[in-house]
Structure formats: C-alpha cells, structure tokens
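Asker: Listed in order, the protein sequences are those of chains A and B. As numbered in our numbering, residues 26 to 342 make up the first sequence, in order. As numbered in our numbering, residues 119 to 170 make up the second sequence, in order.
These are calculated hints, taken from the structure and not from any lab test. Accuracy of the hints is not assured; some may be wrong.
Claimed, not checked - Mimicking DSSO-like on lysine-lysine, the simulated pairs with C-alpha atoms at most 27 Å apart in a straight line are: (1) 115/A - 133/B; (2) 108/A - 54/A; (3) 54/A - 133/B; (4) 115/A - 226/A; (5) 54/A - 115/A; (6) 307/A - 115/A; (7) 171/A - 307/A; (8) 133/B - 121/B; (9) 226/A - 171/A; (10) 132/B - 54/A; (11) 115/A - 132/B; (12) 132/B - 121/B.
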Amino acid sequence: MALIDDRCIDEAPLRMSEATPGDYIALLKPRVMSLVVFTAVVGLVAAPGAMNPLLAMIAILSIAIGAGASGALNMWYDADIDKVMSRTAKRPVPSGRVTAGEALGFGLVLSVLSVMTLGVLVNWLSASLLAFTIFFYAVIYTMWLKRWTPQNIVIGGAAGAFPPMIGWAAATGTIGLESVILFLITFLWTPPHFWALALFKSGDYERAGIPMMPNVAGHASTRRQIFAYALLLAPVGVAPWLLGYTSLFYGLVSLGLGAGFVWYAWGVLKMSDEDKAMAPAKALFGFSLIYLFVIFAAYLGDRVVAEMMGSMAGMGA
Amino acid sequence: MDKLETVDLTEQQKKARRRRSIAIGLALAALVVIFYVATLAKFGPAVLNRPL
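Full structure from sequences and hints, please.
Answerer: This is the structure:
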C-alpha cells in the first residue's frame with residue numbers, strides 16, 4: 026500500500042468555514058472594547074502635555090485591538106463554559122461558526138500586532154502595560170482565577186482597569202498618581218458590577234461550574250460585599266477633586282454618583298433572600314454602567330475645559 | 119490524466135469566504151495607510167534626511 030493511503034484514512038472531513046467578518050468582530054467583544062476605548066481616551070486626554078493627534082489615535086486603536094485580542098483569547102479558552110450559559114451560548118466559538126483554533130490564532134496575531142504597533146510608534150512603557158493587560162486577562166484571569174476562586178473578578182478586574190493607565194503612559198511615557206486613581210475607580214467598580222449581575226444570573230454560573238461569589242459564599246455574603254465595595258468606591262471616585270486634579274464640577278458629579286452607587290448598593294443589601302425578581306440587583310447593575318460612563322465623561326469634560334481655559338489664558342497674556 | 123479531487127463550496131461558504139477576503143483586504147490597506155502616515159507624523163521631514 027502506498028504511504029499516502031495510510032495518511033488519508035483517519036483524516037477528519039474537511040471543514041469549510043462559514044464564518045463572516047461579523048463573527049470575528051464578535052470575538053473582539055465590541056461592547057467591552059468600547060468601554061476600554063472610552064477609559065483609555067480619558068487617560069490619554071487627561072495626561073499633561075500635548076501629543077500628536079495622529080499618534081494619539083494610533084495609540085487608542087492599538088489599545089482597542091489589544092483589548093479585542095484578549096477577548097478572542099478568552100473566547101477560545103472559555104468555549105466550554107460559554108456553551109452552557111444563556112448570556113454567552115450564541116458566541117462564535119460555542120455556536121460553531123468559528124473554531125477554537127481560529128479564535129486562538131486570531132487573538133495571538135492581534136495581540137502581537139497591537140503591542141508592537143504601540144511600542145514602535147508610541148512608546149514601550151504603554152506597549153508593556155498593554156502586553157501585561159492582555160496576559161493578565163487571558164492567562165491570569167481566564168485560565169486561572171475564573172474557574173478557581175470566587176475572588177476571580179476582584180483580581181481579574183485589574184485587566185479592565187488598566188486602559189486609562191495605558192492611555193496616560195502613551196501620552197507621557199510615565200505612570201502618574203492621577204492614572205493610578207483612574208485605575209482604582211474601575212478596579213473597585215468591577216466587583217459590585219459583576220456580583221450584581223451574578224446575583225440574578227447565579228443559575229447560569231452554577232451550571233457552568235464557575236465559582237462566582239453568590240454560588241460560593243451565598244447571596245447574603247455577596248450583598249454585604251457589594252455594599253462594602255460601594256463604600257470604598259464612592260470616596261475613591263471623589264479623590265481626583267480632593268487631591269486638586271479637577272474642578273468643583275467633577276467633585277459634585279462624583280459625589281452625586283458615589284452617593285447614588287451607595288444608595289443602590291444599600292437596596293441590594295436590604296434585599297430579601299426570598300426575592301426572586303431581584304429588582305435591586307438589576308437596578309444596581311444598570312446604575313453601575315451609568316456610574317462608570319458618567320464619572321469618566323465628567324473627568325474628561327473637566328480636563329478638556331481646564332486645558333482650553335489654560336490655553337486661552339496663555340493667548341491673552 | 120485524472121481530474122484533481124477538489125472541494126466544492128456551497129453558496130453560503132463562497133459568500134462567507136468572499137466577505138472574509140474583502141475584510142482582510144480592507145484591514146491590510148488600513149494598516150498600510152496607518153504605518154505610512156504614522157511614519158510621516160513621527161519623523162516629519164527628517165524621514166528624507168539620510169545619506170544617499
């Protein structure tokens with residue numbers, strides 16, 4: 026028998042892909058990416074000094090692609106659990122439109138491309154932070170923490186909190202205290218945001234075998250922890266004003282938002298064990314999205330106005 | 119000589135492949151533009167300042 030015959034016997038039938046560009050865009054988690062882009066823009070614009078606008082746009086694009094790449098790597102590794110959760114079952118890999126290998130290749134290529142582009146065209150500090158963020162999300166969070174500990178999103182939340190710091194590093198080549206505070210705002214916001222979701226989706230996480238806080242420590246403990254994080258988040262949100270980085274406008278907005286967050290978290294804390302509708306948890310989840318968007322928008326607006334006033338005063342002098 | 123055995127794509131697969139090819143083409147074109155413009159933005163006129 027010819028050697029070529031032996032090699033053909035057990036081969037799987039050729040699979041021809043029906044994946045569209047939209048499936049590959051879905052691998053990048055566009056909704057998460059939009060949040061990353063927004064917070065990175067805030068970090069970049071708030072940083073002192075002027076940056077070439079074109080290089081600034083390339084920096085933001087690189088950060089967005091890097092975040093998307095880590096999303097693709099996450100979907101490659103998590104296809105098994107995505108399949109059993111209602112929220113994620115229609116993703117390209119569990120639904121079979123893209124193979125796990127294709128998602129892995131796509132994620133790796135985009136990771137290298139985004140980090141190298143940021144490094145070569147902007148600076149290597151921001152590129153290193155981006156590389157670390159991708160590694161942290163794909164390896165530390167997805168492969169290790171997510172299936173191992175109920176503190177998964179507490180530690181893993183750092184990955185989502187890095188973008189404003191990367192934006193700042195892209196503009197200045199350094200890491201300032203201001204960018205650390207922007208990091209802390211997202212970092213402390215993540216646990217109450219995801220635990221509110223996990224409370225009313227705990228059945229999903231249980232089926233997938235993910236040790237989310239409500240499944241491991243119980244609903245009552247999760248509600249207490251949500252409230253504790255809200256109490257930590259509120260003052261950190263106001264810190265940029267207290268430290269003199271922003272005007273009273275941001276101070277008042279962040280105070281209002283912080284008070285709102287604590288109020289909604291209080292509602293969750295008071296929620297009864299028998300409450301199946303979990304309206305307070307859903308309300309907190311919705312408000313947490315508004316909180317993050319508005320606090321970063323207020324920060325951005327505050328800094329842009331201060332910059333414009335500064336340059337107008339300079340022109341007048 | 120025998121005809122080579124090939125895979126016949128369905129209409130759906132052909133359509134998907136065409137759309138993927140267009141997307142890859144556009145992405146590559148965007149990369150060319152980005153690197154061209156970024157080189158000019160980063161080095162400015164100094165990009166021409168080199169010994170011949």
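Asker: Against each hint, give a clear statement of whether it holds in the structure.
Answerer: Hints versus structure:
no.	hint	in the structure
1	115/A - 133/B	holds, 21 Å
2	108/A - 54/A	holds, 16 Å
3	54/A - 133/B	holds, 24 Å
4	115/A - 226/A	holds, 17 Å
5	54/A - 115/A	holds, 13 Å
6	307/A - 115/A	holds, 22 Å
7	171/A - 307/A	holds, 22 Å
8	133/B - 121/B	holds, 25 Å
9	226/A - 171/A	holds, 16 Å
10	132/B - 54/A	holds, 26 Å
11	115/A - 132/B	holds, 23 Å
12	132/B - 121/B	holds, 22 Å
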